[in-house]
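Asker: Listed below are the residues making up each chain.
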Amino acid sequence: MSRFSLRDRLSVPTYDNEVYATTGRLVIDLEKCNGCGICAQVCPGKAISIRGEGKAKRAYLDEDFPQCMSCNDCAAICERDALKVAVAYDFGLYYKKINRGEFAPPRKY
Amino acid sequence: MDETAVAGGGETGAGADWNPVERVILERRSVRKYKDRQVPENVVQRVLEAGRFAPSAGNTQPWKFIVIRDAAMLDEMERDIVRWCKIFKFFIDWRTSPLGRRMAWLMSQVSIRVKRNQLHPIPFGAICLVADGKLRAFHGAPTLILLLEDRRGAARPQVDIGCCGQNMVLAAHSMGLGTCWVGFVELLKYGLKWRRRLGVEFPYRICEGICLGYPFGNPNGMIEREVMDVDWYEDGAMRTVRQGGDDVTV
Chain A
5 MSRFSLRDRL
15 SVPTYDNEVY
25 ATTGRLVIDL
35 EKCNGCGICA
45 QVCPGKAISI
55 RGEGKAKRAY
65 LDEDFPQCMS
75 CNDCAAICER
85 DALKVAVAYD
95 FGLYYKKINR
105 GEFAPPRKY
Chain B
-4 MDETAVAGGG
6 ETGAGADWNP
16 VERVILERRS
26 VRKYKDRQVP
36 ENVVQRVLEA
46 GRFAPSAGNT
56 QPWKFIVIRD
66 AAMLDEMERD
76 IVRWCKIFKF
86 FIDWRTSPLG
96 RRMAWLMSQV
106 SIRVKRNQLH
116 PIPFGAICLV
126 ADGKLRAFHG
136 APTLILLLED
146 RRGAARPQVD
156 IGCCGQNMVL
166 AAHSMGLGTC
176 WVGFVELLKY
186 GLKWRRRLGV
196 EFPYRICEGI
206 CLGYPFGNPN
216 GMIEREVMDV
226 DWYEDGAMRT
236 VRQGGDDVTV
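Chains A and B supply the protein sequences, listed in that same order. For the first sequence, position 97 matches number 101 in my numbering, and the numbering has no gaps at all. For the second sequence, position 150 matches number 145 in my numbering, and the numbering has no gaps at all.
It should be emphasised that the hints constitute simulated quantities derived from the structure, not laboratory data. From the three backbone atoms N, C-alpha and C, an ideal C-beta is built for every residue, glycine too. Some clues are possibly wrong.
Only pairs whose alpha carbons sit at most 30 Å apart, straight line, appear in this in silico BS3-like list of lysine-lysine [stated by the list, open to error]:
(1) 50(A) to 84(B)
(2) 110(B) to 30(B)
(3) 110(B) to 101(A)
(4) 30(B) to 101(A)
(5) 36(A) to 30(B)
(6) 88(A) to 30(B)
(7) 81(B) to 101(A)
(8) 59(B) to 184(B)
(9) 112(A) to 59(B)
(10) 129(B) to 184(B)
(11) 129(B) to 28(B)
(12) 81(B) to 30(B)
Cβ-Cβ distance ranges computed for the label pairs, FRET-style [as the list claims (entries may be wrong)]:
(13) 85(A) to 184(B): 35 to 43 Å
(14) 109(A) to 7(B): 16 to 24 Å
(15) 57(A) to 226(B): 53 to 61 Å
(16) 213(B) to 11(A): 45 to 53 Å
(17) 95(B) to 13(A): 20 to 28 Å
So here's chain A without its partners, still in its complex pose:
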């Protein structure tokens, strides 16, 4: 990973190029979500939007290249445990990605 070919160097990923870049992804439990919208308000990348009317309001991750940085702030603030990060972001080649293993909460040692 530390060695790049010339071809790699010339093709720094343009951020919306799906060949190189994947953003973070959330799993949202639509049965637990009540569409209160606090996750959308605290999301640093504004990647969550609330859609639907009245009781059918739910949180959704934007389909078109959401700026999700896998920070789990939405998971921390959600009172109903309705969502959390499922896939970490990866911007390929030049940038630090979150790829060192699965996700886990703090552990007691």
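Given the structure of chain A, go ahead and fit chain B onto it with the hints provided.
Answerer: For chain B alone, kept in the frame of chain A given last:
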């Protein structure tokens, strides 16, 4: 319990519960929505006091704090940050730039190579969001602490600023406040306006900002983070342990 452990340090035996300090560290989340209520002056001073006693290289204490609690001034700073973001977006966001996709793409490729950390996809996206007015730089916080770096410091002053800021942030969270690091204040050093107005001159340089306020809702909580391998050298052998994961030696 170890004799030098501070009060409340608790047990350190295997599987023991987290002590209060660890809890603050593990449960602290960045806060991006604040109540309008202003933070009392003495509480801000308590927070600054935690920063004053941070470790630094050669005990140089290469920091200076500026506390901004003036709502009009914060608004003005935010507007200027938006203006800078718009300028950057104009030149390097190839998706929307009026310069045309090809020209802006070329500019972005050059800029990404020059400022590779500042233009990492996440801050790049944030610049676009701030420029579009979708993301507020200070998240509506009533108080902002600016951290200035003293460039005459020893070794790596910016690392010391990091220690200092983290001390303040953790102290703030232990008192029920919410904080968020704001790197966007860096943009204020480009023009003369804010450097003059805040009296920022050599040896000082705007380094980071921390916004402070009472959080809306309860953002604190433990979340899942990346598990990673750590190499341990001990008794003439090396082993790799999965930190945070199950007890498996790789």
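Asker: Each hint needs a verdict: does it hold in this structure or not?
Answerer: Cross-check of the supplied hints:
1. 50(A) to 84(B): holds, 17 Å
2. 110(B) to 30(B): violated, 35 Å
3. 110(B) to 101(A): holds, 18 Å
4. 30(B) to 101(A): violated, 34 Å
5. 36(A) to 30(B): Cα-Cα ~26 Å, so holds.
6. 88(A) to 30(B): Since the Cα atoms of residue 88(A) and residue 30(B) sit roughly 25 Å apart, the hinted pair holds (cutoff 30 Å).
7. 81(B) to 101(A): holds, 27 Å
8. 59(B) to 184(B): holds, 15 Å
9. 112(A) to 59(B): It is violated: about 37 Å lies between the C-alpha atoms, which goes past 30 Å.
10. 129(B) to 184(B): Satisfied, since the Cα-Cα distance of roughly 23 Å is no more than 30 Å.
11. 129(B) to 28(B): Holds, because 13 Å separates the two Cα atoms, which is no more than 30 Å.
12. 81(B) to 30(B): Judged against 30 Å, a Cα distance of about 28 Å means the pair holds.
13. 85(A) to 184(B): 35 to 43 Å: holds, 42 Å
14. 109(A) to 7(B): 16 to 24 Å: 20 Å Cβ-Cβ, so the 16 to 24 Å window holds.
15. 57(A) to 226(B): 53 to 61 Å: holds, 54 Å
16. 213(B) to 11(A): 45 to 53 Å: holds, 49 Å
17. 95(B) to 13(A): 20 to 28 Å: holds, 25 Å
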